[in-house]
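**Q** Starting from the given sequences, assemble the full structure and let the hints guide the process.
Protein sequences appear in the order of chains A and B. Here the numbering used here is used: the first residue of the first sequence is 1, the next is one more, and so on. Here the numbering used here is used: the first residue of the second sequence is 1, the next is one more, and so on.
In case anyone wonders, no lab produced these hints; they're calculated from the structure. Note that the Cβ used here is the ideal one computed from N, Cα and C, for glycine as well. Hints are supplied without guarantee of correctness; some may be wrong.
Claimed, not checked - Residues from chain B shown here face chain A by an in silico Cβ test under 7 Å; the list is partial:
1. D101
2. S109
3. T228
4. Y429
5. P432
6. T435
7. G452
8. M455
9. M459
10. P464
11. D494
12. Q497
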Amino acid sequence: MLMSLENLLSDKRSKIIKKWRDVIVETYPGDTQRFLRKEKDQFANPVGYVIAKEIETLYDELIKEGGIDKISACLDNIIRVRAVQDFRPSSAIGFVLQLKMVIREELGDKAPMNGLSGEFRALEDRIDNVALLAFDIYSKCRQEIYEIRVKEVKNHLGKLLKQANLTIEIPEEKPDL
Amino acid sequence: MADTPKPDELSKVDHTPPLFKGWMDTPVEIKPGIYCYGSKPKDLKYVDFPNPRDWSPVDDDWKLPENWEEIVHEGFKDRLDRFRSVKLFMDICVRCGACADKCHFFIGSGDPKNMPVLRAELIRSVYRKKFTTGGKLLGRFAGARELDEDVLKEWWYYLYQCTECRRCSLFCPYGIDTAEITIFGRELTNLLGLNTDWVAAPVANCYRTGNHLGIQPHAYKDMLEFFTDEIEDITGLRMDPDYNRKGAEILFITPSGDVFADPGTFTCMGYLMLFYYLKSLGLDITWSTYASEGGNFGFFTSHEMAKRLNAKMYAEAERLGVKWILGGECGHMWRVINQYMDTFNGPPDFLEEPVSPITGTKFENAKATKMTHIIEFTADLIRNNKLKLEPSRNDNLKVTFHDSCNPARGMGILEEPRYVIKNVCNNFYEMPPSTIREQTFCCGGGAGLNAGEDMELRMRGGLPRANAVKYVHEKYGVNMLACICAIDRAVFPDLMQYWVPEVEVTGVHEMVANALVFDGEKERTTNLRGEPLPGMEDEEDV
Ligand code: SF4
Ligand code: SF4
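**A** Shown next as structure tokens:
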């Protein structure tokens, strides 16, 4: 009997997730990788914990064509961290596309054969779409950083002068002269 | 030391030391978002710091003095003689790695050079080459290397990615305090004029005007008057702070951030209200428009500069003839008072050991410095039933408390803030034990790193703290992060906005003032932020 792609992916779930996690962890320097893998406490190692936790959910949602909200939330949790670390944008979100490679490797030549190729292409399309979503989220995080920076400067100067009555505002209504 | 592992427990921990391979061959790349802008020449000139010039950390040429290597060598040697701790910390590290993953900057950035052991190793490697026989003979085999411009740049980059929070020292079986290595390393960079704008400008301003923003005395007074108007709108009562009054019993000094930046301003209103409340009970206190800064940014450049700025507070206390100093909610101000003041400028014999005029409690812990933290003062008032409090006014808040590194780890103020918070609000939730008290995670912006241009650095460094806040937010619905440090109040709103936007930031005395019930006050409908009090949402004048 032929296995559906979804069943095949569920079967290989833990292997694929482990490999996918490795792909992300390997974007960090060697000594950091050891830490990210080994320390399981979510407060001592928030980055490793978030990666491990969120890609599991992300994977499950992806293979069962899950909701966009849940997928966005998972992506946000991972990318929000990577958006402030030493990554070029492509390496910050590249892990999404790398899932294709991981899955292909894991399924071996089983993938395109056995009448799965249509389903398989659909999955890869889905991953492409999630990659686009990841790009949006990355941009949003960067945008937030810039906004915080601007707000910081304004707060330091504007409010201060205003409160000390050292500035004068344009009134709402133009006064009669 | 509540949940801190003992050295013998630590040695039993299953632990593989990191490999630390190849770090010497990874050249430094100074990245935007991580570094702070270089200092301006005018600020260095004003306090006679060396090598004033325009410079930028991303330029190839840092415009170092001709003989910079000699300056560093002499500066290094001199400090090895003067500070036994530095010499010891250079020699005794066994690179076991127990501290490696304890730094919030490493945890948040994943950059191995932010492991405390490697941060120190950047300097230690040069120490070995210059000052140890093994290092001189064996070079890299002994972990030694020459100091050149690239190494200097690497020092600078990572010395200004350490908030001197001392979390790492808690886990070192030898008690090595990497914060002290950073302090020492920054002194060396200071000798070459490699200061940051966000440290050098506040230093010059504090030295000249008395506070880090350069606010002149009349503007300082205007701000407090402005708060007085606000408080009158809310309570119907007019606080009457006085300034620079000779012969007052107590001088109050707080970080200027409380006077000029939200949300610290609400805490400042809290101080004003507490003092007014206590006036009829015998409090005789004055504000100074000259000693208008409790914070000491000098501490982030050199011990000498910290001493000069610290001296200003005590000079003002002497000029006014007060008996003792009460200090506001601040972080590194207390580190300087508690650990350094007595050596810098002590003993201040013209002052007396602080005694609460309301309760008669002697603050024996402040015998040497004659300066008491307001959280201890207020906790003592509550314990002696001197304050009438209505905690339900803070019922809109679900509060958690961040132990600021300096008061908590640096001087053991752990219980007082919790005691005060629990008396002024009904909903209090602790963050997980490994992230509070002595083990608290830094806000990510201490030691002069709370500039705007290094926002990515701050977001990384604050990640472990924000992660714990997020946890209690999701678990208990926490919506307010309380702290007793002005740097925290400046740093956390940004940090929360990025990581946990549902959580706001407050000082403890803001909540105290909201709960404080005055005789003759009008029925309050809003809190100090002008938000409706719980149950008052429909009142007209809200
Ligand atoms: S003192 Fe704090 S910031 Fe500096 S290395 Fe240690 S843990 Fe990191
Ligand atoms: S500083 Fe202490 S904990 Fe860190 S590597 Fe050295 S000996 Fe070990």
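**Q** Hint by hint, note whether the structure agrees.
**A** These are the hints, each one checked on the structure:
no.: 1; hint: D101; verdict: 5 Å, holds
no.: 2; hint: S109; verdict: 6 Å, holds
no.: 3; hint: T228; verdict: 13 Å, violated
no.: 4; hint: Y429; verdict: 15 Å, violated
no.: 5; hint: P432; verdict: 5 Å, holds
no.: 6; hint: T435; verdict: 5 Å, holds
no.: 7; hint: G452; verdict: 4 Å, holds
no.: 8; hint: M455; verdict: 5 Å, holds
no.: 9; hint: M459; verdict: 4 Å, holds
no.: 10; hint: P464; verdict: 6 Å, holds
no.: 11; hint: D494; verdict: 5 Å, holds
no.: 12; hint: Q497; verdict: 6 Å, holds
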